[in-house]
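Student: These are the residues of each chain, in order.
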Amino acid sequence: MTRADTLPRPTRRHALLGALGLGITVEFLGTRAFADSERPLANKKFVVIVARGGLDGLSLSPPVGDPAYAALRGPIALPPFGGAGGALKLDDTFGLHPSLAATHRLAMKGEARIAPAIATPDRERSHFEAQDVLESGAAVVYGTASGWLNRALQAMGPTGKVSAISVGPTAPLILRGPIEAASWSPGGGAGRDPRLPGILQDLYAHDHLLGPALASGLATQSMAKVAGEDAAVTDDGPAGGMAPAPAMQKTDRPALPQARKLGATLAGFMVQPRGAQVAAVSMDGFDTHANQGAAQGQLALRLAYVDAFLDGLATGLGPAWKDAVVVMATEFGRTARVNGTNGTDHGTASTALILGGALKKGGIVGDWPTLAQNRLYENRDTAPTLDMRGLFKGVLRDHLGVERAKLDALVFPGSAGAAPVAGVV
Amino acid sequence: MAIDRDLAAAIATTRFGLGARPGEIARARADPRGWLTAQIRAAGAEQPPGPTAGSAERLNELMTYRQDRRADKRAGQAKSDLSKIAARVLRDEAGGDFLARLQLGAATDTSFRERWALFWANHFTVSANKLATAALVGPFEEEALRPRVFGRFEDLLVASSRHPGMLLYLDEVRSIGPGSEAAHVQARAGKHPGLNENLAREIMELHTVGVEAGYSQADVTEFARAMTGWSVGGEADPPDRRGAFMFRERAHEPGARTIMGRRYPDTGEGQALAVLKDLAASPHTARHLALKIARHFVADDPPPALVARLERSYLDTGGQLGEVARTLIASPEAWEAPALKFKTPYEFLLSSWRAADTGPTSIADVAPVLAAMGQKAFSAPSPKGWPEAAQAWCAPDAVIKRMNWSEAFAGAATGDRDPVRLADGALGARLTPLVAKTIARAETRPEGLSILLMSPEFQRR
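If you read the sequences in order, they're chains A and B.
Residues 1 to 425 (this note's numbering) are what the first sequence spells out, left to right.
Residues 1 to 461 (this note's numbering) are what the second sequence spells out, left to right.
Bound conformation, chain A alone (with noise of 0.2 Å):
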């Protein structure tokens, strides 16, 4: 008698299995194929980044056109356009920082493209509130257990239809809920001994929290090898620069190598037949109190991973780029002011960064306050002009195809009065 005639009943894990030897695609547990009708959607990609620390927007996408801009920053405020180290220019106003080349020439072919005074509801400068209110997509901090991303997944219709995946070890905010969601962190591989992966699932059948996160992990690790990660990546690589801080080292020149080939696995596995066609890629390091530099510096390194990382996942999604949309946030700006020790201090708006194939032409997204004194949030902060919830609105409704009774209900909870932002899809 063999072990699997004792176990009381049949598992999915022999269908796994048989999938992890051979090394083909598996698709993601409970995705169903879509009917030649929603054919559209179901080619769609869609990324967010969540960028923590709170991002200095000023940096990201400096208006060095703006009267007021090089008096505020003082020995941070980057060069004017054409300058040595100046910023890459997207119009009268606003360069992009000179790190983000590969963004930049997006940006030039209509692909890439700023909303530079976004925040979310919340106004108490706490990382951790912020963060909470940006992932989960309530008004108010603890408003909802779950993140908007996966009541969006929800929203798309039925339970399963479209995959979503995490990048990192940890599982985001953003994207925890009802709707299963694998993740995937570079540095895995199979173990040696064969059965033990199914003994687990036999014992994980009632466990709500190891059963459904041990089989997804195991299809994504088949999917890994397919989407192209390999032995040139190290565990200290990707990895060191995504969820967990760097630790010891800051992060240099030569982990823009691993971060295009980040960029490039997770578009790996987004391209495969019934692939993640949503994902979450968390990403840390911009909390820039002290010294944070300005054409150069700790942020440049910084925004320059960001770039090597969009590049890798651009150029890897390839044709399916033309589906894509990319949003980059952060919970909150830095003061528009640089402090006393040449960095800057929690704020209150920022910009989003956003790519992809799928955009409409157009400038910046949301109205520019200004940084004139009289237009600064309490004296301090870039002025909001445009809620989060309404960029991510307008692209969940343009580009995936939600509704906007259940925009306004259940992926962002009373945000009726936060509008779709239109003319970005």
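A few of these clues could be false.
Below, in silico cross-link-like pairs of lysine to any residue (SDA-like), each with a Cα-Cα straight-line distance of 25 Å or less [said to hold, decoys possible]:
1. B:K130 / A:A300
2. B:K292 / A:Y142
3. B:K191 / A:L72
4. B:K437 / A:A205
5. B:K191 / A:E129
6. B:K191 / A:L256
7. B:K384 / A:V141
8. B:K191 / A:G293
9. B:K437 / A:P194
10. B:K191 / A:Q298
11. A:K161 / B:K130
12. B:K384 / A:Q296
13. B:K191 / A:G74
14. B:K73 / A:G293
15. B:K292 / A:Q298
16. B:K130 / A:L256
17. B:K191 / A:A70
18. B:K292 / A:T144
19. B:K73 / A:N379
20. B:K191 / A:G85
21. B:K384 / A:E129
22. B:K384 / A:F128
23. B:K292 / A:V140
24. B:K191 / A:Y142
25. B:K191 / A:A290
26. B:K191 / A:A372
27. B:K130 / A:P75
28. B:K191 / A:T385
29. B:K191 / A:E124
30. B:K191 / A:T144
31. B:K84 / A:G297
32. B:K191 / A:A77
33. B:K384 / A:E124
34. B:K73 / A:G297
For the record, the hints were derived by calculation from the structure and aren't laboratory data.
Since the structure of chain A is provided, determine the placement of chain B on it from the hints.
Tutor: Only chain B this time, still in chain A's reference frame:
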């Protein structure tokens, strides 16, 4: 719900402690609550084993390293061997601190005491986000926290807030009162130093009253002004002050401050101390800490009755943490709650070593494992520390990494021991018949131990 002594002994060692070592559940069985309360002591937590350099010594090493680096740059050289070695020494020391702390957790007979210390280390997070703080996380915990974890919370708070590790991690050393003498001097040189709100904000939000207290941005800024001057001695200071806390009168913002409705006259160094004293005594702090303790020890969503007991205990004893720990142990809710706390990677590794009666020997082996599971050594992602919620640690990828590690560990650690007995020693009455049966049917002894470590009940506490 009645908890018999067998189950209570299993809970005492696995939920309150760091996981049972062989024979430990049997030893705790006579009096599980007494086994825990006996671990509370005025002297605080143990210190990790081995000789080590203190924070002042390490900061002096760091200053020497920086001098060498500057000399290299002036000479137009790349990093010299000397400065490379100095940087490596500091990193190796940090690795040694972390390994020693793991070894203490893996071997200690008083694992509730150690879990209590680890809780406060996470509450007062200093993270290795730069070379200086990497070198100081260990000394910070050993000098500021461990001796005081069963004492008054106010003393712990003050020790944390004045330690060079915290002052450097949250940028307080760079904060200069805009109206201070130092600011005026620097302004004449064309520099405009000023406030850095980081430490003030996190003390209020994370260490004491919490955001629920409803303070304003103005309160944060006022507290930051009160704390200006709290600094660490540097190269230009007298040798006996280098690397130690020092108050810089000239950087202190003059004047009285008003914080959360209370006025604090300008007493120099004492101004921020008076604020800390009031913050520690605040009912908001009692509530905030009670909730965090209950969340860590019992459930992500803890029973309100337990939180209320802990809060009462804090207020009644003036924040005596040893008494709060006794209240926790005496609370029925802490024992009756189902075992739903999902172990963090750190807790999972410690309990695995304890179950197999072994421990870590090399930081090079263990550091990549923790990073892959999402908990990089000494590197909490923010001042908030590591998350508590099960969902944060049970991502699919993390479960795969736990499984792969369990398999590799069991392959090396099982030897000729019977995994059924190891399971009984590790979980006692918490071992379910299904898992016991599955372990008994394993093909090999290491497979049996892997199954134990990955079982639903071992992954939780």
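Student: The structure should be examined with respect to each hint, and the outcome stated for every one.
Tutor: A quick look at each hint next to the structure:
For the suggested pair B:K130 and A:A300, the alpha carbons sit about 17 Å apart, so the restraint of at most 25 Å is met. Under the criterion of a C-alpha separation no larger than 25 Å, the hint pairing B:K292 with A:Y142 is consistent with the structure, at around 16 Å. For the hint pairing B:K191 with A:L72, the CA-to-CA distance comes to about 14 Å; that is within 25 Å, so the pair holds. For the given pair, B:K437 sits about 15 Å from A:A205 by alpha-carbon distance, which is consistent with the 25 Å threshold.
At roughly 34 Å between alpha-carbon atoms, B:K191 and A:E129 are farther apart than 25 Å, so this suggested pair is violated. Annotation: proposed proximity of B:K191 to A:L256 is violated, straight-line Cα distance about 34 Å (limit 25 Å). Restraint check for B:K384 and A:V141: the C-alpha separation of about 16 Å stays at or below 25 Å, so the hint holds. Using a Cα cut-off of 25 Å, the hinted pair B:K191 and A:G293 holds, with the two alpha carbons roughly 16 Å apart.
Straight-line distance between C-alpha atoms of B:K437 and A:P194 comes to about 20 Å, which keeps the hinted pair within the 25 Å bound. A C-alpha spacing of about 21 Å is found between B:K191 and A:Q298, which places the hinted pair at or below 25 Å, so the restraint holds. At roughly 44 Å between alpha-carbon atoms, A:K161 and B:K130 are farther apart than 25 Å, so this suggested pair is violated. Proposed proximity of B:K384 and A:Q296 is contradicted: the alpha carbons are some 29 Å apart, above 25 Å.
Between B:K191 and A:G74 the alpha-carbon distance is near 10 Å, which keeps this suggested pair within the 25 Å criterion. Using a Cα cut-off of 25 Å, the hinted pair B:K73 and A:G293 holds, with the two alpha carbons roughly 19 Å apart. Using a Cα cut-off of 25 Å, the hinted pair B:K292 and A:Q298 is violated, with the two alpha carbons roughly 33 Å apart. At most 25 Å may separate the alpha-carbon atoms for a hinted pair to count; B:K130 and A:L256 meet this at roughly 19 Å.
Between B:K191 and A:A70 the alpha-carbon distance is near 16 Å, which keeps this suggested pair within the 25 Å criterion. With a C-alpha separation of about 19 Å, the suggested pairing of B:K292 with A:T144 holds against the 25 Å cut-off. With a C-alpha separation of about 41 Å, the suggested pair B:K73 and A:N379 falls outside the 25 Å cut-off, and the hint is violated. The suggested pairing of B:K191 with A:G85 holds, with an alpha-carbon distance near 23 Å, which does not exceed 25 Å.
Taking the CA atoms of B:K384 and A:E129, the gap is about 11 Å. The hint holds against a cut of 25 Å. This hinted pair checks out: B:K384 and A:F128 have alpha carbons roughly 8 Å apart, not beyond 25 Å. Restraint check for B:K292 and A:V140: satisfied, since their Cα atoms lie roughly 21 Å apart, inside the 25 Å limit. Between B:K191 and A:Y142 the CA atoms are separated by roughly 42 Å; this puts the pair beyond 25 Å, and the hint is violated.
Proximity of B:K191 to A:A290 is assessed by CA-CA distance (about 15 Å); at most 25 Å being required, the pair is judged to hold. About 23 Å separates the Cα atoms of B:K191 and A:A372, which keeps this hinted pair within 25 Å; it holds. Proximity of B:K130 to A:P75 is assessed by CA-CA distance (about 22 Å); at most 25 Å being required, the pair is judged to hold. Among the hinted pairs, B:K191 with A:T385 is inconsistent with the structure: their alpha-carbon atoms are about 33 Å apart, more than 25 Å.
Using a Cα cut-off of 25 Å, the hinted pair B:K191 and A:E124 is violated, with the two alpha carbons roughly 30 Å apart. Straight-line distance between C-alpha atoms of B:K191 and A:T144 comes to about 46 Å, which puts the hinted pair past the 25 Å bound. At most 25 Å may separate the alpha-carbon atoms for a hinted pair to count; B:K84 and A:G297 meet this at roughly 21 Å. Note on B:K191 and A:A77: the hinted pairing holds, with a Cα-Cα distance of about 15 Å set against a maximum of 25 Å.
Only pairs whose Cα atoms come within 25 Å are accepted, and B:K384 paired with A:E124 is accepted, the gap being roughly 16 Å. With a CA separation close to 17 Å, the supplied pair B:K73 and A:G297 stays within the 25 Å bound.
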